[in-house]
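One line per chain: the protein sequences are L, P, X and U, in this order.
Just so you know, this note's numbering puts 54 at position 54 of the first sequence, and the rest follows in order with no gaps.
Just so you know, this note's numbering puts 76 at position 76 of the second sequence, and the rest follows in order with no gaps.
Just so you know, this note's numbering puts 311 at position 311 of the third sequence, and the rest follows in order with no gaps.
Just so you know, this note's numbering puts 85 at position 85 of the fourth sequence, and the rest follows in order with no gaps.
These are computed hints drawn from the structure, not numbers from a lab.
Misleading hints may appear alongside valid ones.
Identical copies go unnamed one by one, so any copy, or any two together, can satisfy a pair.
Quick list of in silico lysine-lysine cross-link-like pairs, PhoX-like style, CA-CA up to 25 Å [what the hints assert, rightly or not]: (1) Lys-29 with Lys-92; (2) Lys-64 with Lys-29; (3) Lys-4 with Lys-106; (4) Lys-63 with Lys-92; (5) Lys-29 with Lys-63; (6) Lys-413 with Lys-347; (7) Lys-41 with Lys-406; (8) Lys-416 with Lys-41; (9) Lys-99 with Lys-4; (10) Lys-342 with Lys-413; (11) Lys-261 with Lys-224; (12) Lys-4 with Lys-92; (13) Lys-4 with Lys-291; (14) Lys-34 with Lys-416.
This is what each chain is made of:
Protein chains: 4
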Amino acid sequence: MTNKDLQIIEEHESCVRSYVRSFPAVFTKARGYKIWDDEGKEYIDFFSGAGALNYGHNEPNMKKKLVEYILDDGITHSLDKATKAKTEFLEKFSDVILKPRNLDYKVMFPGPTGTNTVESALKLARKVTGRTEVISFTNGFHGMTIGSLSVTGNSMKRNGAGIPLNHTVTMPYDNFTGEDMETLDYLERFLEDNGSGVSVPAAIILETVQGEGGINAARFEWLKKVDEICKRWDIILIIDDVQAGVGRTGTFFSFEPANIKPDIVCLSKSIGGYGLPLALTLIRPELDQWKPGEHNGTFRGNNHAFITATEALSYWEDPKFEKSIQDKSDRITKFLQEMINKYPEMKAHLKGRGFMQGISSDVEGFSEKVCEHAFTNGMIMETAGGQDQVFKLFPPINIDEEGLEKGFELIEKSIKDAIKQMNLKSDTVTN
Amino acid sequence: MTNKDLQIIEEHESCVRSYVRSFPAVFTKARGYKIWDDEGKEYIDFFSGAGALNYGHNEPNMKKKLVEYILDDGITHSLDKATKAKTEFLEKFSDVILKPRNLDYKVMFPGPTGTNTVESALKLARKVTGRTEVISFTNGFHGMTIGSLSVTGNSMKRNGAGIPLNHTVTMPYDNFTGEDMETLDYLERFLEDNGSGVSVPAAIILETVQGEGGINAARFEWLKKVDEICKRWDIILIIDDVQAGVGRTGTFFSFEPANIKPDIVCLSKSIGGYGLPLALTLIRPELDQWKPGEHNGTFRGNNHAFITATEALSYWEDPKFEKSIQDKSDRITKFLQEMINKYPEMKAHLKGRGFMQGISSDVEGFSEKVCEHAFTNGMIMETAGGQDQVFKLFPPINIDEEGLEKGFELIEKSIKDAIKQMNLKSDTVTN
Amino acid sequence: MTNKDLQIIEEHESCVRSYVRSFPAVFTKARGYKIWDDEGKEYIDFFSGAGALNYGHNEPNMKKKLVEYILDDGITHSLDKATKAKTEFLEKFSDVILKPRNLDYKVMFPGPTGTNTVESALKLARKVTGRTEVISFTNGFHGMTIGSLSVTGNSMKRNGAGIPLNHTVTMPYDNFTGEDMETLDYLERFLEDNGSGVSVPAAIILETVQGEGGINAARFEWLKKVDEICKRWDIILIIDDVQAGVGRTGTFFSFEPANIKPDIVCLSKSIGGYGLPLALTLIRPELDQWKPGEHNGTFRGNNHAFITATEALSYWEDPKFEKSIQDKSDRITKFLQEMINKYPEMKAHLKGRGFMQGISSDVEGFSEKVCEHAFTNGMIMETAGGQDQVFKLFPPINIDEEGLEKGFELIEKSIKDAIKQMNLKSDTVTN
Amino acid sequence: MTNKDLQIIEEHESCVRSYVRSFPAVFTKARGYKIWDDEGKEYIDFFSGAGALNYGHNEPNMKKKLVEYILDDGITHSLDKATKAKTEFLEKFSDVILKPRNLDYKVMFPGPTGTNTVESALKLARKVTGRTEVISFTNGFHGMTIGSLSVTGNSMKRNGAGIPLNHTVTMPYDNFTGEDMETLDYLERFLEDNGSGVSVPAAIILETVQGEGGINAARFEWLKKVDEICKRWDIILIIDDVQAGVGRTGTFFSFEPANIKPDIVCLSKSIGGYGLPLALTLIRPELDQWKPGEHNGTFRGNNHAFITATEALSYWEDPKFEKSIQDKSDRITKFLQEMINKYPEMKAHLKGRGFMQGISSDVEGFSEKVCEHAFTNGMIMETAGGQDQVFKLFPPINIDEEGLEKGFELIEKSIKDAIKQMNLKSDTVTN
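Bound conformation, chain L alone:
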């Protein structure tokens, strides 16, 4: 065991740390979907840095480009001065991602974190509309700084603010109140009644698939309807694609299959390609009404990330890439559905879409147990949802067949281990 290093953590790091508690090992190396600890133990990584490592660990082409750049004394840190690394990224992002999708966005580089792109989006929406309120949704997660936290649902995180979180209204996400209620009728009822206490907001912000909130995937028609409401009421639609974007759901942007064009899109996590900090705020040109420097940040010019981000875009030049993600997504769906059917004692149902799927179990504590056994069995996998009721699969989107199958094996083994440990019986037997 790596006692000494974990003791260093224990002794020196704030008790706010969390994943080191679930995965008590000291990691040293990683490649693709594999990661090793300091004793040489290998793990299959189906966590992917919570969606920041969609291309796996240390992808070779990006690695090569990055090392060359560093050896060549390329600019590392540039604030928002122009660098060759930046203009190459901007050009390729436009050519490979935006133009083929018929999208026309201005690119803003806020600080290189998800919460920073969300804060910039909220500020801009309020500035442009002159309104203060923002509508967010139940179980949404948008970040930990005060602006982003105000549109985040989780009560433990919200309480951490230490101040009341204002200027926001939470509305029910798709399916929040059960399938028979159309949550958007409810939302619009509030907008149209001038006695509702809810004024027309500056923006509506949402994730198309809620990751932290429990791998809740909104229906495409629901997203379409949100888009229509925004247009009808002149509300700015912000899609927070920090986790669901960059291919995680099968298309580059998660909202593509809903056939909508948001006013503002927040990207971070995997946009840097290699796990390096980077964030973008994509802005419909008419809304790009910032004054120079009105939002800034020291690390908005992280050129190492520009280099790897540019290389990562190469994946998307070949249309077969998107196809392959979708094919493997179907494979994941099939596998999870098999598990649900084969192990009814899990009382489980399928959640999410693409490479952002999971199993929600009604058995209290079960999903956590599965993840614990997975770790023992050599796999990194995480739970999601307010009660940790979901275990979720976040493999790299460029994983090969073999990796996927290895992962499935470990997951099934972990499910069986958890069922055994918790002594769960199938209802068909017990009833």
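Given the structure of chain L, go ahead and fit chains P, X and U onto it with the hints provided.
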């Protein structure tokens, strides 16, 4: 001219961009205090990434360690799982920085930006005390997300919030109202009068030298007195050392010569050493009352930055390093004072301390002109203050004599160019 | 026409004035349900000072007591010093109202207005629970000062605040989203999901019948269910009975038939009996945790109002009084239902209960027209609801048969006049 | 002793009650400056309902008019419909008060309490300017509803809100930080520095003499300078004359001797003349931009108060009245100065001006003791200030010589009693 690349910026990047406007070149390479654009023009960099490049660009030892790490497939992104790169940093930071200074802090890794460490500090102070208000100071700058922006003075930045910024009280910084008023008597008068409308706050947050606010250095006795007030009223003292820390003022922490031990210290910018995103929140152990995961962030485990940050700490193992910064600081002071005396038409006075000094000119627009000429003359230098009334020198703290002298030459030349262009006359002549 | 006096109003009074615009006459005298203007024209008053004159104008017994008191130099203004007038009121209120209903409240005298009792209730609920949020309902109306306005739904009124109104969440009132949705399931779904963004509030505040909001009467089982939710989640239930209380709905407190005992009750308007300013906040004894003077107000000891309020309570000593209100309420219901059936072109349905009923017409502008014609025909009657879609009957609760019938005649005449003027046709004809 | 009645209070009234604790008697009758309890004990009233009874209790002319009006079935309650009682008041207020002072205000009738006029003033200032912040002053007192409380300094009262009080900045009142600091230079320094964190506010609100805050009278040149700052920065100046107005300081409006014309003036307390609830908000015509009904209230048409208020204005028709107040004010000043000189053991100094003067004692608890002895000696007198350090004289402004002298006698006796009880020695003796 690099027209094509600057056009790409113009076409694709949000109009929020700022420094590319002051420094219209496309940069490609950098080493130490030098930076080159794509036409091969060399610039002396006395800007240092607004304090994020205290060790200069692409410092060779850090570069070597970083490349080795990458080539070796070291973990890049780890959230807050334990990695060897992280434990090595924690240990060395404790051994080289904290222990010798008799400091005992828990280390929190918030998201890797300055605003994120500030947000985490404010949240923790409010959580621990159960109070909501925070006192900040005139012309303070702490970041651009809503929590940090609430304690930032600049009105243009504040207006960008689009919502009222609350739960904060601004008090006058040292010397804000002129030398004959003791601003802290004023502050304490508010605390002790129960009819003052100002309640005892959760925290007082300040920079010991205000960078963005105009290179305003508080007197050590003023800092000492703030510390005493905090102790007397049981208020948490947060020092935002994001810009002034990591040697910028001559000691590792800027507050060392005032002989105080803040409750919470915010570090970012140069803590990563190489210009890579990293931030730390240092917390007095008794205050480390976070719940696991109560504040988190995707890039809080940026291992590339751990590698370079660890290497950077080597500088501080040798006591001569600190001495050398202080000696060169005296050289800077001497030079600036000479300029002030030699060019009375600047109507200037000296600001700041250490490697964070500048000249404030009462001639409207003069300092901006100096920076413009500096750029033409081959130097990157920036203004500070609400009216851009200060031009400031931020050379790397490990710069050699030669570099410093080269910089001084270019500055004097730029001063002369600016005086000539603005046709300024010395008062002694005109009167 | 009373031109000169109306010109004085026009010239000197702020344009915020409103009712003088709908009822452009100068009134001089009033008795019972009758009111006269300065030209001697008589009006039937079915407005009753928006519910402040439940016993009619200048009720003779109260008038007698009041004049005697004044002639005798009884204390007029006493802040919250003890006066005989006050102790007599307190004792009789306890004996006649509280004890027979098995209620046990402490009586607080805030400033003598509805908004002041609401503000005091909200402050106390927040103080006692240590929580900040309050849940209110769509189309609720609670007053115009910032605290009360924050729980008021009307957007025009809210915009008047000039600042964002915070610390409140608006939930759908009974029937807000149509009959097939149980709005309280929705509310509780938010409370129980820890990712909903809605925390457990200090209080829930509501009117059992929303007056300004459109004479919306909540079902008794809905009120009962709110009460259960409050108990289950340890939330303070505040009933704002400022308008619906003091007999307006047929019982002294409007919530009696729902068989609930709120934690805090707000009373004003008719509690003074004679139309004199007075307000009470009734507080469950365990919650009476005020510090002395923590909420105060100059006119909290309006002794003239104590005198008339005490006399007004005599009505309630005789159980026949309540019975008579209820009988006449049935008469009002019957009349309004007849109107709805007889004039289908109004596209109308019945609203409210007791002496707080009205007709909501789906024909835009119709209800306003009815009130306009009523005024011409010699009747004071007002609209309610966000689109003024309801004309409402607020006769004095001690009105006699004759008065009621006179009123009905004028209303039917005014309906006919409005139908004629707007040239409405019955659907059965036009279809 | 009036045990039974005080027990009723104890049993039934909320513990928020306060004055009944300082003055434990049950009052029954009052006339002029005299008040009697139920045992027939007579008290000299130098409290005057905290400034709501400037004309004394039950002034005979007002009493006569009021009784006649009631007997004649004059309208009691009218919301903001026109009544003869109202137009007569408006006309006389314009003729007797506004025109002779060359003032031109629109009159708004908010709810009939001080806090309501303040709330209406703040709302209007924010609406008209489109700004949110309001500057108030240390030790200001403006009311207990959330809007007014936000501009009130007292910490106990503020804490009662249960929510953070925002959108306001507290600046130091005249002399707050001692005589050698010009507090307004400080305020303006904040306005002019765009890094100060304080934006240009919608309004500045202040009392010319702070009553609750400790009888602090601002110098006329200070008031004049506030006025100039407001003009220079286009800030709305609100004078809260609720307590200091209606002759209390020697002129009808307290700001007259400073020769300023505020944009908005808040009046309540004694404007009704007889102690009946009434409040006015006086608005410079250009600022009267309310929408009809944007601020309203059930008791904004309290016609009994219109009747007595109109009669009260008769006092001001005779210029000798103002002169007589000022002459007696000099008498009060002289008396208090004598006391201060004669009893140096009080360590006292003079506060306030006009009929709003008091003695501030540096001996802890002394002023409270004086008031306690005064009560025993047959006088109602109150303390003021955050530490109750001031005992204040608020006699009726129409008091005769005899009443004043009687009061003085009782005060001197109470001072002597307090000195004796506390065993205070003169410093000249002890040193």
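Verification of the supplied hints:
1. For the identical chains of this complex, Lys-29 and Lys-92 are inter-copy neighbours only, at 21 Å across copies versus 30 Å inside a copy, given an alpha-carbon limit of 25 Å.
2. Both within a single protomer and between protomers do Lys-64 and Lys-29 lie at most 25 Å apart by alpha-carbon distance, with minima of 17 Å and 18 Å respectively.
3. For the homomeric pair Lys-4 and Lys-106, the shortest alpha-carbon distance between copies (17 Å) is at most 25 Å, but the shortest distance inside one copy (49 Å) is not.
4. Only within a single protomer do Lys-63 and Lys-92 lie at most 25 Å apart by alpha-carbon distance; the minimum there is 18 Å, versus 27 Å between protomers.
5. In the homo-oligomer, the alpha carbons of Lys-29 and Lys-63 lie at most 25 Å apart both inside one protomer (14 Å) and across protomers (19 Å), since each shortest distance falls under that limit.
6. When the C-alpha separation of Lys-413 and Lys-347 is checked against a cutoff of 25 Å, the pair qualifies only within one copy, where the shortest distance is 17 Å, while the shortest distance between copies is 66 Å.
7. Taking CA atoms no more than 25 Å apart as the test, Lys-41 paired with Lys-406 passes inside one copy only; the shortest distance there is 16 Å, against 54 Å between copies.
8. In this homomeric assembly, Lys-416 and Lys-41 come within 25 Å of each other (Cα to Cα) only inside a single copy, at 22 Å, whereas the closest approach across copies is 65 Å.
9. Within a single copy, Lys-99 and Lys-4 get their C-alpha atoms only as close as 52 Å, which misses the 25 Å cut-off; across copies the closest is 19 Å, which meets it.
10. With identical chains, the CA atoms of Lys-342 and Lys-413 are at most 25 Å apart within one copy only, with a shortest distance of 13 Å there and 74 Å across copies.
11. Taking CA atoms no more than 25 Å apart as the test, Lys-261 paired with Lys-224 passes inside one copy only; the shortest distance there is 10 Å, against 46 Å between copies.
12. In this homomeric assembly, Lys-4 and Lys-92 come within 25 Å of each other (Cα to Cα) only across copies, at 14 Å, whereas the closest approach inside a single copy is 45 Å.
13. Taking the shortest Cα distances, Lys-4 and Lys-291 sit within 25 Å of each other only across copies (24 Å), while inside one copy they are farther apart (51 Å).
14. Taking the shortest alpha-carbon separations for Lys-34 and Lys-416, only the intra-copy value of 23 Å comes in at or below 25 Å, while the best inter-copy value is 61 Å.
Checked against the numbered hints given earlier, the structure satisfies every one of them.
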